[in-house]
Amino acid sequence: MLQQLAQLVVNGLITGTILALTGVGATLVFGIQRIANFAHGEYLTFGAYVGLFLNVDAGQSLPVATVGAILATGLLALALHFAVLRPLRNRGLVAMSLVTVGLGLMLRDLLFMIAGPRIRQLRIDQTAVFDLGLVRISPGQLAAIIMTVVVAPAVAFFLAKTTIGKSMRAVADNRDLASVAGIDVERIGAYVWFLAGALAGIGGIMFAVVQGTFDPNLGYQVLFLVFTTVVLGGIGSAYGALVAGFILGLAMELSTWSGFAGGLEPRFKPVLAFVALIGLLLYRPQGLFGKARIV
Amino acid sequence: MGLLNPAFWTFVAVIAGIYAIMALGLYVQFSLAGLPNFGHVAFMAVASYTMAILIVRYGVPLPLAGAAGIGASIILALIMGVPALRLRADYLAIATVAGGEIIRYLALNLPDLTGGPIGSIGLLGPGDIATYNQEWQAFLDMLGRLAAPIFGRMPSRDLVMALLIWGLAIVLIWLGWLLERSPWGRVLEAIREDETAAVAVGKNIVAFKMQALILGAILAGMAGLLLAWEIGVFSPDDYQPTLTFYAYLILILGGMNRIWAIPVGSILFSLMYTGTRFLNFYPLSLFDSGSRAFLRLFLVGLLLVLFMAFKPEGLLGDRRRLLLEK
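For the record, the sequence lines run as chains A and B.
Using my numbering, you'd call the opening residue of the first sequence number 1 and step up by one each time.
Using my numbering, you'd call the opening residue of the second sequence number 1 and step up by one each time.
Please keep in mind that the hints were generated in silico from the structure rather than gathered at the bench.
The beta-carbon is built from N, C-alpha and C at its ideal position, and this holds for glycine as well.
Among the hints, a few may not be true.
Label pairs and their computed distance ranges (CB to CB) [said to hold, decoys possible]:
(1) B:PRO183 to A:LEU282: 29 to 37 Å
(2) A:GLU186 to B:ILE118: 47 to 55 Å
(3) B:LEU271 to A:ILE164: 44 to 52 Å
(4) A:LEU142 to B:ALA207: 55 to 63 Å
(5) A:ARG89 to B:GLY275: 27 to 35 Å
(6) B:LEU113 to A:GLU186: 47 to 55 Å
(7) B:ALA68 to A:ILE146: 52 to 60 Å
(8) A:VAL275 to B:ILE170: 37 to 45 Å
(9) A:LEU282 to B:ASP318: 31 to 39 Å
(10) A:GLN126 to B:LEU110: 25 to 33 Å
Isolated chain A (complex conformation):
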C-alpha cells in the first residue's frame, strides 16, 4: 500500500507538472485577454502532432521534436491571436467563448482529417520499466520528468526575474494599472499568447509520452483539467496556476489510493476534477490564493 502511495505521488507530480505548465499559459491568457479559451486543449493536441510528425515521420530525436512542437504551437497561438481573436475581442464574453469553441472544433477535426483517427505514439520505448525500488517509471514518464526539471524552473525564473515576465504578471493582474505604468499592453498580450502556445506545445508532448498513445482527442480530454487548474490558482495568477497544477495532479492521483477507504476508482478521476471546477467557480472563483474581489 505504501508502494502504491509512492507510485501515485510520482504519477501525480508528473500529471501536476503538465497541468501546472499549461495552466500558467492559460491563466495568463485568461487574465490578459479576458478569454476563456475553449481551444486551449487543441493547442496541446497540435503540439503533440507536430512532435509526432518530427519524431516519427521526419525521424528527428525526441528533444528536437519537442523544441519543434514548442515553437510551432507558440506560432499557432500567435497566429490565431492576430488573425481571429484580437480583431474580435470586443464581441463580449459569450461570443468570444463561442469563437474559441469553433476554433477548437476546427483544429481538432483538421487534425483528425490530416492525421487520421487512429491511435499514435511517439518513438519512445513503451515496454521498458525503470525499477527504482519503491516506484517504477516508464521511459515516457522519465522523459516528462526531464522536461519538467528543465522547463518548470525556467518558466518560474522567466516570470519572476525578467522584465517581460514581470510585465506579463502585471498586465494579468491589472491591465489598466499596468498600462498607466507604461507597459505596452498590446505587445505583452502577443508575448503571452506565444508563451501560452509554447507551454501548451510542451504540455501536449508530455501528455503524449506519459500516456504512451494518443489520438486527436488528446487535448480536448484535458481542457477542463487545465480550466480547473486556472480557476484553482486564481484566474490571471501565474504562480497560483503553478501550485494549483501540482495540487490538482496529486489530488486526482491520490484520490485513487486504497488507503482512503479503498480509494476512488480511477475512471471517476475526471468527474472529481469537474465537480471541483464547478464548486470552485461557485464558491471560490478567486481561487485558493486569490483575494476576494470582483472577478
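Since the structure of chain A is provided, determine the placement of chain B on it from the hints.
Quick look at chain B alone, frame taken from chain A:
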C-alpha cells in the same frame, strides 16, 4: 443512400425537426433569459437515459417513462440553476459544459445503471439486447394506418415521424412566440437588458431565470426523447458537447433573437450537416468517407467563427437586440 432517395430526405427532415425543438430550448435559456448554457446536451441525455432505463428494466409504459424523462431534465435544471443564476457569463459557460461532461462521464462509467460505453443496447447486461422503442414504433404505425387514406397508401414510419415532429415543432415555436410577447417574456427581456432596473421595479430575477432554465430543459428533454426514439439505440457518445454547439449554430444560422427563424436555422444546419456526405468531388474526394465526418465538424466550427466574426446576429436576426455583448 443516394441524393435522390426520398427515404434519406425524410430522415433529414426528422432530424432537422428534432434539432429545431432542441434549439428552441436553448433559445428560451440563452436568447430570452441571457443564460449561456454550454451544457444543453445534458438535458437530452438524462431524459433519454431515464426513459430507456424505465422501459427496459421496469416495463414502464412509454408515455409514463417519457414523462419521467422530462421530469429528470427538470431536476437537472434545478441543480444547474444553482450555478446558472450566480455566475458571470464565461464562468457559467465553463461550469455548464463541465456539468454536461460529468453526466456523460457518469453514463460512460456506471455500466450497471446505463449500459456503459455501448449505451442503451447494454441496459440488460451483456448478451441481452435491450430495446426501448417498440411502443413508439407501434404508435407510429397506428398513426400511419390512420393517415393511410390521405396518402392513398401506408406512409413510412419516418414520414409519419417527420410530420409529427414538425407539427410539434411548429406548435412549440408558436407557443414560444406567444410567451416571448407575454408579460413574462417582457420581464425576461428587461432582466437581460438591465438587471438592476428589473430588480428596482420589484421583479424576482432568480425566479424568472429559473423558470426559463426549466422551460429550456423541458424542451431539450423532449428533443432528447424524440431523438432516442428515432435512432433506436444511443450511447454516451451521442451526447458529446458538440451537440450543444449544433444548437448554438442553429440559433446563429437562423437569427439569434428571432424565434421563427429557428426552423430556418435547423433546416440549413441539417442540409449542411448531411449535405457534406455528397461533397465527393475533388479536392474533397481526397478524404475518405470517415474523414468527411470530421469535415462536417470542421465546418460547424468554421461557421461558428465566421458568423461570430461577420454576422453575429445571424442570417435573419436583429443586430440591435443582440445579447452576445455581455
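These are the hints, each one checked on the structure:
| no. | hint | verdict |
| --- | --- | --- |
| 1 | B:PRO183 to A:LEU282: 29 to 37 Å | holds, 31 Å |
| 2 | A:GLU186 to B:ILE118: 47 to 55 Å | holds, 52 Å |
| 3 | B:LEU271 to A:ILE164: 44 to 52 Å | holds, 49 Å |
| 4 | A:LEU142 to B:ALA207: 55 to 63 Å | holds, 57 Å |
| 5 | A:ARG89 to B:GLY275: 27 to 35 Å | holds, 33 Å |
| 6 | B:LEU113 to A:GLU186: 47 to 55 Å | holds, 52 Å |
| 7 | B:ALA68 to A:ILE146: 52 to 60 Å | holds, 55 Å |
| 8 | A:VAL275 to B:ILE170: 37 to 45 Å | holds, 40 Å |
| 9 | A:LEU282 to B:ASP318: 31 to 39 Å | holds, 34 Å |
| 10 | A:GLN126 to B:LEU110: 25 to 33 Å | holds, 30 Å |
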